[in-house]
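Participant: Work out the full structure: start from the sequences and follow the hints.
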Amino acid sequence: MGLLSIIRKIKRKEKEMRILMVGLDNSGKTTIVLKINGEDTSVISPTLGFNIKTLSYQKYTLNIWDVGGQRTIRSYWRNYFEQTDGLVWVVDSSDLRRLDDCKMELDNLLKEERLSGASLLIFANKQDIKGALTPEEIAKVLNLENMDKTRHWKIVGCSAYTGEGLLEGFDWLVQDIASRIYMLD
Amino acid sequence: MEEESPPPPSDLPSPNPNSPRDPALQKKHQAMLDRLTNRHQSRQKTTSTTTDSTSSFLSTFTDSKRSIESQLTNSPSTTDPTLLKSHLASISSSISSLEKLVAESSYSLPSYELRSSLKSIENLKQSLENLNSQLLPKKKFSFRNKSTNKSNHENSNSIQIPSNPENSNPIPTQIPLSIRDSPGIRNKENQNLTKNFKNFKEIGEFTLSDLDSCEVKLIGCVNALFVNKLRNCRVYTGPVIGSVLIEEVENCVFVLASHQIRIHYAKSCEFYLRVRSRPIIEDCEGAKFAPYCLRYEGIEEDLREAGLEEENENWGYVDDFKWLRAVKSPNWSVLEENERIESVEIEDSGSAEMEVESEGV
Ligand SMILES: Nc1nc2c(ncn2[C@@H]2O[C@H](COP(=O)(O)OP(=O)(O)OP(=O)(O)O)[C@@H](O)[C@H]2O)c(=O)[nH]1
Ligand SMILES: [Mg+2]
Numbered sequence: 001m002g003l004l005s006i007i008r009k010i011k012r013k014e015k016e017m018r019i020l021m022v023g024l025d026n027s028g029k030t031t032i033v034l035k036i037n038g039e040d041t042s043v044i045s046p047t048l049g050f051n052i053k054t055l056s057y058q059k060y061t062l063n064i065w066d067v068g069g070q071r072t073i074r075s076y077w078r079n080y081f082e083q084t085d086g087l088v089w090v091v092d093s094s095d096l097r098r099l100d101d102c103k104m105e106l107d108n109l110l111k112e113e114r115l116s117g118a119s120l121l122i123f124a125n126k127q128d129i130k131g132a133l134t135p136e137e138i139a140k141v142l143n144l145e146n147m148d149k150t151r152h153w154k155i156v157g158c159s160a161y162t163g164e165g166l167l168e169g170f171d172w173l174v175q176d177i178a179s180r181i182y183m184l185d
Numbered sequence: 001m002e003e004e005s006p007p008p009p010s011d012l013p014s015p016n017p018n019s020p021r022d023p024a025l026q027k028k029h030q031a032m033l034d035r036l037t038n039r040h041q042s043r044q045k046t047t048s049t050t051t052d053s054t055s056s057f058l059s060t061f062t063d064s065k066r067s068i069e070s071q072l073t074n075s076p077s078t079t080d081p082t083l084l085k086s087h088l089a090s091i092s093s094s095i096s097s098l099e100k101l102v103a104e105s106s107y108s109l110p111s112y113e114l115r116s117s118l119k120s121i122e123n124l125k126q127s128l129e130n131l132n133s134q135l136l137p138k139k140k141f142s143f144r145n146k147s148t149n150k151s152n153h154e155n156s157n158s159i160q161i162p163s164n165p166e167n168s169n170p171i172p173t174q175i176p177l178s179i180r181d182s183p184g185i186r187n188k189e190n191q192n193l194t195k196n197f198k199n200f201k202e203i204g205e206f207t208l209s210d211l212d213s214c215e216v217k218l219i220g221c222v223n224a225l226f227v228n229k230l231r232n233c234r235v236y237t238g239p240v241i242g243s244v245l246i247e248e249v250e251n252c253v254f255v256l257a258s259h260q261i262r263i264h265y266a267k268s269c270e271f272y273l274r275v276r277s278r279p280i281i282e283d284c285e286g287a288k289f290a291p292y293c294l295r296y297e298g299i300e301e302d303l304r305e306a307g308l309e310e311e312n313e314n315w316g317y318v319d320d321f322k323w324l325r326a327v328k329s330p331n332w333s334v335l336e337e338n339e340r341i342e343s344v345e346i347e348d349s350g351s352a353e354m355e356v357e358s359e360g361v
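Residue numbers (the UniProt record's numbering), protein chains in the order written: chain P, 1 to 185; chain U, 1 to 361.
Source of the hints: derived by calculation from the structure; they are not laboratory data. Do not take every clue at face value.
Said to hold, decoys possible - Only pairs whose alpha carbons sit at most 25 Å apart, straight line, appear in this in silico DSS-like list of lysine-lysine: (1) U:Lys188 with U:Lys229; (2) U:Lys288 with U:Lys328; (3) P:Lys111 with P:Lys149; (4) P:Lys103 with U:Lys322; (5) P:Lys15 with U:Lys198; (6) P:Lys59 with U:Lys100; (7) U:Lys119 with U:Lys322; (8) U:Lys288 with U:Lys119; (9) P:Lys130 with P:Lys140; (10) U:Lys229 with P:Lys130; (11) U:Lys119 with P:Lys130; (12) U:Lys65 with U:Lys100; (13) P:Lys103 with U:Lys229; (14) U:Lys85 with U:Lys100.
What the hints assert, rightly or not - Cβ-Cβ distance ranges computed for the label pairs, FRET-style: (15) P:Lys140 with U:Ser268: 38 to 44 Å; (16) P:Lys130 with U:Glu250: 27 to 33 Å; (17) P:Ser42 with U:Thr78: 53 to 59 Å; (18) P:Ser42 with U:Glu297: 49 to 55 Å; (19) U:Glu129 with P:Met147: 28 to 34 Å; (20) U:Arg186 with P:Thr54: 20 to 26 Å; (21) U:Arg295 with P:Lys130: 34 to 40 Å; (22) U:Glu336 with P:Lys59: 57 to 63 Å; (23) U:Ser133 with P:Thr61: 46 to 52 Å.
Even glycine gets a Cβ: it sits at the ideal position worked out from N, Cα and C.
Facilitator: Below, the structure is given as C-alpha cells:
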C-alpha cells in the first residue's frame with residue numbers, strides 16, 4: 001500500500017489528525033466517542049461496521065474512526081490502518097475473562113507496519129464499575145512495559161459513563177501526535 | 001499545539017494513570033463537553049437531511065462506485081510513472097471519499113446495506129491494489145518502510161471478507177495472570193442458585209461461568225453481566241444497566257433485560273429479552289427469541305432505574321454478524337407464542353432455595 005501515504009503528504013489538510021479506535025467488542029469505543037462529542041449515550045448499538053466522527057479539539061480537527069470489535073469484523077480493522085496518526089485501544093477493565101483475547105489482538109495490531117508510527121493511547125475503560133481492574137493491573141496484563149521502545153504510548157483509566165479520564169487521554173494523544181507531525185513541518 | 005510545551009520525550013513512556021483528579025482539568029472537560037454538545041445540536045439539523053434516506057445514499061454510492069470502476073478499467077496508456085501515479089492516486093482518493101461517505105452514513109444505514117457497501121469498498125481497494133502492482137511493478141512507495149516488520153506487510157495486503165473465524169485464532173494464549181476473580185457464580189452442577197443484589201450499596205459486574213443444569217436467579221440490578229460456558233441452565237435476571245456478554249452456552253433458557261446484549265457461540269438456546277438496542281449474535285445456531293417475562297417484587301422499580309421500563313420490541317430484531325445476506329439469518333428465529341414459557345415469578349426469599357454466597361463479593 002504505501003501509495004496512500006504519498007497522497008497523505010500532498011493532501012493532508014492543515015491540522016488534521018486521523019485517529020483509529022479499536023478494541024474488543026463491548027469495550028466502550030462508541031460510548032467514548034459519543035461522550036467526548038457531547039452526544040446522548042443512552043442508546044448505543046454494537047457497531048456493525050464503523051462510525052466516523054469529525055470533531056474539533058484544540059486547534060486540530062480529529063477524524064475519529066470507531067470500528068466495531070465483534071470477532072467477525074476484526075479482520076476489517078486493517079482497512080483503516082493507513083494514515084493513522086493515533087491509535088486508541090479501548091479495554092473493558094471489568095471483563096477479566098477476555099483479557100487474554102484483548103492482549104492477543106493488541107499484540108497483533110502492534111506488529112502492523114502501517115501503524116508503527118502511530119501514537120498509542122490505551123483507555124482502561126469502565127473504571128466506574130466496582131471490581132474493574134486498575135490501569136496498572138491492565139498495563140501488567142497487557143505487558144505494556146515491554147513494548148517496542150520507539151512507540152509513544154500511555155495508559156489512562158477512564159469511564160465513558162462519567163467522562164472521567166477521557167480528556168486526559170485525548171489531551172495526551174493530540175499533543176503527542178502534534179509534537180511528532182506538526183512540529184516537524 | 002506548537003506554543004505549548006511539548007510532552008516529554010516519550011521514548012521512555014511513563015504512564016501515570018494515578019494522577020489525582022485535577023479540578024482545573026475537570027472544568028476544562030466540562031467546558032469542552034458543553035461546547036461539543038452545542039456544536040452537535042447545531043450540526044444535527046444539517047446532518048439529518050444528508051443521511052435520512054437510505055435510497056439517496058445508495059444512489060450516490062452506486063454512482064461513485066461506477067465512476068471508480070471505470071477509472072480502474074481505463075488507465076492511461078502510458079508508461080510515464082508520474083502520470084500513472086497520479087492516476088492511481090486519484091482513484092485512491094475517490095475510494096477514500098466513498099469510504100468516508102459510508103462511514104458517515106453508518107449510523108443510519110440498515111445493516112445489510114452497510115455491510116454490502118463495506119464489501120464493495122474492499123473490492124475496489126483490492127482492484128486498486130492489483131492495478132497498482134500491475135502498472136508499477138515491484139516498487140514500494142512507503143514512507144514508513146523503516147519498520148522492522150517486513151513479514152507482516154505482505155499479509156496485510158491480502159484483504160479478506162471476514163467469513164472465517166478460524167483465522168482469528170480462537171485459542172487464547174494463556175497469560176499468567178494472578179488477577180483476582182470478579183464476583184460471580186462458578187463451577188456448579190444441578191443447583192438452584194439465587195442471588196439478591198437489592199441490599200448492595202455498590203453494584204458492579206457479575207459473572208456466571210461453568211454451570212451445568214442449574215437454575216440461576218439474580219434479583220436487582222447489576223452494571224454488567226458476563227455469562228460463559230453454561231449448559232442446560234435456566235437463568236433469570238433483573239435489569240443489567242450496562243451490557244450482557246454471553247459466550248459458549250448450550251441448551252439454556254435466558255430471561256434478561258439490558259442495554260446491550262451480545263451472544264457468541266450459543267447453540268439451541270432461548271432468549272427472553274428486553275434490550276435497548278438490537279441483540280447481537282455471532283457464531284450461533286438455533287437461537288430463539290421472545291420478550292422478557294420476569295417478575296419479582298420491585299422489578300418495575302428496578303427496570304425504571306435501569307431505563308428499561310419500556311418494551312420496545314427490539315428482542316425480535318436480532319443482528320447476526322455472521323450473516324451477510326439480505327435474507328434473514330437462519331441462525332435465529334422468533335419463538336412461537338405457544339412455545340414460550342409462562343412468565344417467570346421469583347418468590348421473595350424465605351423459599352427453600354439457597355442464597356448463594358458468590359465468590360469475590
Ligand atoms: N459502566 C460502564 N459501562 C460502559 C462504559 N463504557 C461503555 N459502557 C457500556 O458497555 C457497553 C458497550 O459499549 P459500546 O460503546 O457499544 O462498546 P463498543 O466497544 O463500541 O462495542 P462494539 O461496537 O461491539 O465494538 C454498553 O452497554 C455501554 O453502555 C463505562 O465507562 N462504564
Ligand atoms: Mg461500537
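Participant: Broken hints, numbered, in rising order?
Facilitator: Per hint list: 5, 8, 11, 18, 20, 21, 23 violated.
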